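Okay, here's what each chain looks like letter by letter:
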Amino acid sequence: MIRFFRNAFIVLVLLALIGGSIWAQGKIDPSKPIKIVLSAPFTGTGSILGDYIKGGAQLAVDEINSSGGVEGAKFQLIVYDDQANASTAATVVRRALYEDKAVAIFGPNMSAAVIGVHTLAQQAKIPMLVGATSVSFRYDKVKNDYLFRLRADDGVKVAQQVKYIAEVLKAKKPGAIVGSTDYCTSALDVAKQAFEKYGIKFIDIEMMKEGDKDVTAQITKLKNSGIDVLVGLTHEPEAAVVMKQVRQMKLTVPAVGFSAWGVPAFTDLAGDAAIGVISVQGFNPTDPDPAVKKFVDAYKAKWGNEPSDPAQCYYDGIYLLKKAIEMAGSTDSVKIAEALKKVEYTGVQGPMKCDDLHNYTNVCYISQFDGKDWKIISKLQ
Amino acid sequence: MVLNDFLQNIIGGVTVGSTYGLIGLGVVFLWQSINRINFANISSAMLTAYLFYSFYTQLHFNFFFSFITSIAIIAIYGLLLRYLVFEPISRHGGDKLEFVVATLMLCTLWLSVIKVLYGGLPKPFPPVFGESTKFVQIGPISIPSVYFWIFFVVVLLIFALFLFLRKSIIGKMLRATAQNREASLLMGINVNMTTSLAFMLSTTIVGIAGILLAPIYFVSLELGGGSIGVKGFASAVMGGLIDPFGAILGGIAIGLVENFSTLFISSAYKDIISFIILVVVLIWKPRGIFNWTAKGD
Chain A
1 MIRFFRNAFI VLVLLALIGG SIWAQGKIDP SKPIKIVLSA PFTGTGSILG DYIKGGAQLA
61 VDEINSSGGV EGAKFQLIVY DDQANASTAA TVVRRALYED KAVAIFGPNM SAAVIGVHTL
121 AQQAKIPMLV GATSVSFRYD KVKNDYLFRL RADDGVKVAQ QVKYIAEVLK AKKPGAIVGS
181 TDYCTSALDV AKQAFEKYGI KFIDIEMMKE GDKDVTAQIT KLKNSGIDVL VGLTHEPEAA
241 VVMKQVRQMK LTVPAVGFSA WGVPAFTDLA GDAAIGVISV QGFNPTDPDP AVKKFVDAYK
301 AKWGNEPSDP AQCYYDGIYL LKKAIEMAGS TDSVKIAEAL KKVEYTGVQG PMKCDDLHNY
361 TNVCYISQFD GKDWKIISKL Q
Chain B
1001 MVLNDFLQNI IGGVTVGSTY GLIGLGVVFL WQSINRINFA NISSAMLTAY LFYSFYTQLH
1061 FNFFFSFITS IAIIAIYGLL LRYLVFEPIS RHGGDKLEFV VATLMLCTLW LSVIKVLYGG
1121 LPKPFPPVFG ESTKFVQIGP ISIPSVYFWI FFVVVLLIFA LFLFLRKSII GKMLRATAQN
1181 REASLLMGIN VNMTTSLAFM LSTTIVGIAG ILLAPIYFVS LELGGGSIGV KGFASAVMGG
1241 LIDPFGAILG GIAIGLVENF STLFISSAYK DIISFIILVV VLIWKPRGIF NWTAKGD
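Protein chains in written order, with the working numbering: chain A, 1 to 381; chain B, 1001 to 1297.
Keep in mind the hints are simulated off the structure, nothing from the lab. The structure presented is a predicted model; accordingly, all values stated were derived computationally and were not measured. One or more hints might be untrue.
Derived pair list, reagent style PhoX-like, types lysine-lysine, alpha-carbon separation capped at 25 Å [unchecked claim]:
(1) A/379 / A/172
(2) B/1115 / A/300
(3) A/223 / B/1134
(4) B/1172 / A/372
(5) A/143 / A/341
(6) A/302 / B/1123
So here's chain A without its partners, still in its complex pose:
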C-alpha cells in the first residue's frame, strides 16, 4: 500500500513537472531577452536603406527597453546584412530561425529577397514583418499567415501616383523608365492597370539595370516618343542618374517617381537635378502630425540625421510586435502571429491594423522637392 502511494506520488510529481514546463514554454520571462532579428541591406542594391531601417528599429527597441521592456523582458535586436539578395537573405533567415531562435523577424526589406524567403518563416511558423512593397507577395497571392507588411504597398502608392498624373497633371502620354528588380517591374504592372482605368497607355517604356550609370539612349528614346510625363519606377541611385541626364538632355516634362524617388538617398545623389521632381512617398519628415514630429525628433537626437522611408515602418513594427506579445501573453511565435492579425496600434504612420492583405497601413504622400524639402501636396491615410 505504501509502495502504491509512493509510486503514485512520484508519477504525480513527474506529471506536474512536465505539465508545468509545457505551460511555461512561451511565457514572457523577464530574465530572458526576447530575441528579434532584423534582416536589412547594408551592402549591395538597396544598401542605401539599411542604415535607416536599423535606425528606426533600434530606436524603438531602445525606447521600449528603457521603459520596462515587454512585461519586464527586454528586446534583443540582432542585425544581419542580407545584401538585398535572396540567397543571402535565406542564409540570414535560417540563422534567425534555427540558431538565434528569434520570436520574430523584421525584413528583408527588398521585395526580391522577401519573395525568396517568406516560405521559410511560414514553415517555421515565425512571424516575418517586412517593409518591402511589391504586390507580388500580398496575402491573396501567397497565403502566408506569418508574413505581414508594415507600410503601404506599391499597389496603393502607384495607384496614387497614377491618379495624380491623370487627374491633376492631366497627362495623356506617359513614358516610363523602369528598373529591373521585382520592386520596379511589379510597380510597372500596377501602373499599367491603373492607367487603363483612365483609358491611358504608356507610349514608351524604357528599362535600365541597377548599377547603370548612363541612360542617354533611354532618355533619347523617351524624348523622341513625345511623352508628356516621365514616370520613374527605379531605385534611388538609378533615379539620380536618370534625373541628371533628363536635365542634361532637356527633357522638360514633369517627372513623377514612386517611393524610391522621394527619399534623401535620391536627392543627395541627384543634387539640383532633383528640384521639381514629384514623388509618392511612404513617409515625409515635414509632416506636421505630432506622432511624425516626435519620431523625427527622437531619430535626429539619437542618430544625428533625419529619418527616411522606411525607418518609420520598422519603428512602428517593433511597437506592433510589443503589443502583439502583450496581447498573446506569450513569446510563442504561433500565438504572436495570431495576435499580430488582431492587434491595433497608432504609430508614426497613423492607425495600423492588419487588413485582408496583411498590410498594416496604406498611408502615403504626394510631394514635390523644392531643393531643400519635400513639400506635401496631399496625404492619403
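Position chain B against the provided structure of chain A, taking the given hints into account.
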C-alpha cells in the same frame, strides 16, 4: 533617330568607355611588369574616391591638396601591394594562381573595410567638376561639364604616358623589363625599381580613374567591384594585355557598344551584347583587337 541623338550617344559612350580604359591600363601595367593579374585592381579606384571625399568633403581641404594626397596615398598602396602581397607569395613559391586568390580576397577585404568606415550608402561626389545640372551646349548636343574634365584628364594622361614610356629613360627601362625581365637584368637595368614603379603606376592610374568616375558612379562601394571592374579587365583584354593605348581604345569600344546596343536594341541586353562581342573578339583575335604589336593573327 537624328544625328544629334547619334552624337549624344557617342559622347556618352566614349566618355564612360575611356574610364573603363583607364582601369584596364592598371591591369596592363601590372601584367606587363610581373605577368600577374591583380583582381583587386578596381579597389584602387574606390579607395582613391573615398580618400578624396574624406579630404575634400569631410576635412574641408582644398581640391589640389585632396587630389594630390589621395593619389600619393594610392601610389604608396601600390608599393605596399608589391612588398606585402606579391613578394611574400613569390618568396614562398606561390605563382599566378596564388596571386589571383590573394588579390580576390584583397578586393573583398577593401569592400568590407570601406563599408565599416563609411557605411553602405553611396555618397554624392562634391561638384569639383561642376554642378550636376551644369552642361555645355554645342548646338543641339548638351554635354555635362564633368565629361569635359574626363576627356581632358584622359587625353592628358595618355599623352603623359606616351612621353614617359617612349621618350624617357625610365619609361624605356619599364618597357624593357616588361618585354624581357632577364635580359633587362643582364643589361644592368634596375628591375627592382621598374617593378615598384609598375605597381605604383598601376594603382595611381586606376586611382585617377576612380576620381573621374565618382561623379558618375557616386562615391560608392560600386566603384570597388561589380561590372565596372570586369569592364576594365575586358578593356585590357581588348588591347591584348600589352598595349596601354589598346586598353583605352578597348574601353571606348565597350562604352560605345553599351550605348548603341541600348539605343537600337534594349538596355536589358546591354551587358549580354557587350560580352558576346568580347568573346567573339577573343576567339577571332585572341591577342586583342587593339594590340598593334601582335602580327599575323
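So, going through the hints one by one against the coordinates:
Simply put, residue 379 of chain A and residue 172 of chain A have alpha-carbon atoms about 24 Å apart, close enough for the 25 Å limit, and the pair holds. A distance of roughly 22 Å separates the Cα atoms of residue 1115 of chain B and residue 300 of chain A; the hinted pair therefore holds under the 25 Å criterion. At roughly 20 Å between alpha-carbon atoms, residue 223 of chain A and residue 1134 of chain B fall within 25 Å of each other, so this suggested pair holds. Proximity of residue 1172 of chain B to residue 372 of chain A is assessed by CA-CA distance (about 55 Å); at most 25 Å being required, the pair is judged violated.
For a cut-off of 25 Å, the pair hint linking residue 143 of chain A to residue 341 of chain A stands: about 13 Å separates their Cα positions. For the hint linking residue 302 of chain A to residue 1123 of chain B, the alpha-carbon distance of about 21 Å falls within 25 Å, and the restraint holds.
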